[in-house]
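Spelled out from the first residue to the last, the chains are:
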Amino acid sequence: MLAETISDPMLRLCHSEFQRLILELDSAPSRTAFFDVGAVAEILVLTNGIPEAEGLTRMLCDAAARWLKSGLLEDLLMARVEFAYHVALLTYLAQSVASVSPSDLEVIRNLSDGRLIARSEIPVLRQHLITAYLWACGIHTDFGKLGRRNLTQIIDRRVLRARSDEFDLLVLLMCAQLLQLDCSRGYQGPRTYPQVLLVQAMRAGNTNWLPILTLLCRRFFGFPGPLCGAAFKSMEESIPAPGQLLPAPPGNQIDSDYIERTERGLRLRSTIALALSLALPGEIYGIQQVRPAFN
Amino acid sequence: MFKKRVKHLSSLTLNWLWEHEEQFCVSSQQKEENSLPWQVKHIVELMTMLTTLANHDIRSGTISKLTRRALAYGAEFDWHQLAAYDASAATVVAIVGDFFASNQLPSPFETEFIHFLHGIGFCEGMDRVPFREMDLAYSLGLMISPEFRKELPVWFASTTFGQRQHLTRYTTDDIYSVTHAVFYLTDFGRSQLTDLLDTVTAERLRKELVALTAMVLRADNVDVLGELLLCWLFCHVENTFLNRTLFHQAFERLLSATTTEGQVVPTMKLLQRAQSGQTSFADVYHTTLVCCMVFAVAAKKRMPYAG
Chain A
1 MLAETISDPM LRLCHSEFQR LILELDSAPS RTAFFDVGAV AEILVLTNGI PEAEGLTRML
61 CDAAARWLKS GLLEDLLMAR VEFAYHVALL TYLAQSVASV SPSDLEVIRN LSDGRLIARS
121 EIPVLRQHLI TAYLWACGIH TDFGKLGRRN LTQIIDRRVL RARSDEFDLL VLLMCAQLLQ
181 LDCSRGYQGP RTYPQVLLVQ AMRAGNTNWL PILTLLCRRF FGFPGPLCGA AFKSMEESIP
241 APGQLLPAPP GNQIDSDYIE RTERGLRLRS TIALALSLAL PGEIYGIQQV RPAFN
Chain B
1 MFKKRVKHLS SLTLNWLWEH EEQFCVSSQQ KEENSLPWQV KHIVELMTML TTLANHDIRS
61 GTISKLTRRA LAYGAEFDWH QLAAYDASAA TVVAIVGDFF ASNQLPSPFE TEFIHFLHGI
121 GFCEGMDRVP FREMDLAYSL GLMISPEFRK ELPVWFASTT FGQRQHLTRY TTDDIYSVTH
181 AVFYLTDFGR SQLTDLLDTV TAERLRKELV ALTAMVLRAD NVDVLGELLL CWLFCHVENT
241 FLNRTLFHQA FERLLSATTT EGQVVPTMKL LQRAQSGQTS FADVYHTTLV CCMVFAVAAK
301 KRMPYAG
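Residue numbers (the working numbering), protein chains in the order written: chain A, 1 to 295; chain B, 1 to 307.
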């Protein structure tokens with residue numbers, strides 16, 4: 001019922017908005033448009049196996065392949081280190097397009113081998129993700145070790161922070177990607193942090209974070225039944241008006257110089273997550289998780 | 001003659017810092033929505049300079065006055081609330097504790113509380129860039145156990161230098177990564193690079209410092225140039241004819257960026273504004289602190305590259 005009346009039109013809206021965004025980046029590449037596309041890509045890469053997401057993912061992969069072939073991704077990678085994470089992600093997605101061949105990666109490989117890209121200071125978690133995506137594309141690079149630290153300390157201990165910003169959610173998105181790529185070095189995922197953020201999002205009425213966290217908990221981090229029911233109820237109550245995307249997160253701030261979170265991308269990615277959650281049949285927690293997790 | 005000039009500049013910059021000492025007081029004005037609710041950067045950087053000077057046995061009446069004032073400001077602030085507010089504060093409290101210790105005084109906070117925060121993993125719960133991880137390891141080495149110093153070379157391998165960044169691709173932030181790494185690896189000039197690095201890496205680092213100095217000389221950034229020269233002094237770059245020429249030229253740049261009042265401007269573009277009193281404390285204090293350290297340490301070491 002929800003799928004027919006709400007989710008389908010919402011997905012159609014997301015489709016047309018995303019198409020417009022991609023066309024914008026095609027015709028006039030800009031920093032903002034690139035980060036918008038990157039924010040959407042972070043969600044779509046985690047929707048493997050959800051049929052309703054296939055159209056959007058295919059559109060993104062085709063665009064990524066086009067940008068790889070045209071040299072746009074190389075240009076961005078050379079331009080600023082902040083772009084490296086999303087470029088690595090898009091390069092990885094482009095691999096799924098039949099027309100992309102290993103020779104399309106030659107320039108990026110040479111830039112990497114020549115120490116000309118992604119060697120600037122990048123936060124550790126993102127370093128790991130860039131390495132993982134480039135390795136998956138056959139470009140071998142290693143940004144070093146974690147010392148005595150491990151991902152449990154970097155990710156799980158964030159739960160102790162007295163304040164919260166968009167970076168909290170970004171950390172979980174990156175963590176889920178590492179788990180999906182099986183590059184988490186034995187780390188099984190955070191135990192309570194995602195659930196705590198989910199409760200925080202519900203209590204604060206943060207309708208932008210809610211569907212993202214719901215998706216992440218369902219597929220990667222575990223979703224205790226009562227929490228799942230409450231999250232679904234909250235999402236039902238925050239469905240945007242027809243033709244509208246979800247609002248941006250309140251106080252859309254990020255405590256990092258290394259990435260930009262722009263409103264349009266954040267609204268679109270969350271609306272996609274909401275539409276997918278509502279479209280899924282049956283009990284929301286009845287879906288097989290991608291990896292074994294907490295509960 | 002040159003040595004005398006350096007000594008004079010050391011006093012001049014110290015005097016300027018003393019004349020602006022009230023600006024180092026911790027304020028509770030939040031500059032930006034996402035920044036810390038307290039402005040502690042100024043006082044902590046002053047403490048870093050004063051600890052470094054003390055560790056190099058550099059003393060003067062002005063240094064003593066500044067030290068007393070910094071201790072008073074440090075004792076007034078509740079460092080616990082800062083430490084509990086943000087994981088990045090681990091560095092701040094480590095510097096404060098070290099400064100008080102270098103003055104034979106107990107920390108102005110409960111060290112047990114910091115041990116507790118460390119024990120629950122609070123300080124680690126943050127995705128930092130590698131040189132900030134070195135920063136944390138250095139801080140934990142001061143506060144918790146010297147064992148943490150062993151992590152410095154491990155994290156160093158992940159920094160921009162460790163990843164063998166191509167020289168043409170170094171950004172200003174990357175150069176700061178190198179200078180800060182040298183500060184931690186040498187304990188601000190108290191130990192040898194080779195205590196923690198193998199000789200090949202140490203030598204590569206010294207050579208990279210020379211190359212980066214040459215590059216920055218062609219740009220307009222006195223702040224990072226000052227930090228690079230401190231690195232020369234802390235890790236004993238080879239004293240060759242070419243290196244002496246480079247060091248001398250870089251030093252001249254610092255001298256020319258110093259106004260008659262003793263402030264040092266971060267870029268030469270700001271010099272004219274500074275000379276007509278149009279710069280703010282925030283514009284110049286960091287470069288002045290850095291260059292004050294360069295002048296004082298160079299004078300103490302009798303200008304090693306003066307040849």
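No wet-lab data here; the hints were simulated from the structure.
Since this is a predicted model, take the numbers as computed values, not measurements.
By construction, the Cβ of each residue, glycine as well, lies at the ideal position given by its N, Cα and C atoms.
Take the hints with a grain of salt, since some may be wrong.
Here are some, though not all, of the chain B residues that point toward chain A, as calculated from beta-carbon distances under 10 Å [stated by the list, open to error]:
{"no.": "1", "residue": "F2"}
{"no.": "2", "residue": "E124"}
{"no.": "3", "residue": "V129"}
{"no.": "4", "residue": "T160"}
{"no.": "5", "residue": "Q165"}
{"no.": "6", "residue": "E252"}
{"no.": "7", "residue": "S256"}
{"no.": "8", "residue": "T259"}
Cross-check of the supplied hints:
1. For B/F2, the suggested interface contact is broken, since its CB lies about 36 Å from the closest CB of chain A, more than 10 Å.
2. For B/E124, the suggested interface contact is upheld, since its CB lies about 4 Å from the closest CB of chain A, less than 10 Å.
3. The beta carbon of B/V129 comes within 4 Å of a beta carbon in chain A, closer than 10 Å, and the hint placing it at the interface holds.
4. The criterion of a C-beta within 10 Å of any C-beta in chain A is met by B/T160, whose closest approach is roughly 5 Å, and the hint holds.
5. A cut of 10 Å between beta carbons decides the hint on B/Q165: the least distance to chain A is about 4 Å, and the hint holds.
6. With a least beta-carbon distance of about 30 Å to chain A, the hint placing B/E252 at the interface is violated under the 10 Å criterion.
7. Using the Cβ-Cβ criterion of 10 Å, the hint placing B/S256 at the interface with chain A is not satisfied: the shortest such distance is roughly 30 Å.
8. The interface hint given for B/T259 is broken, as the beta carbon of that residue sits about 30 Å from the closest beta carbon of chain A, more than 10 Å.
Going through the hint list in order, the structure does not satisfy hints 1, 6, 7 and 8.
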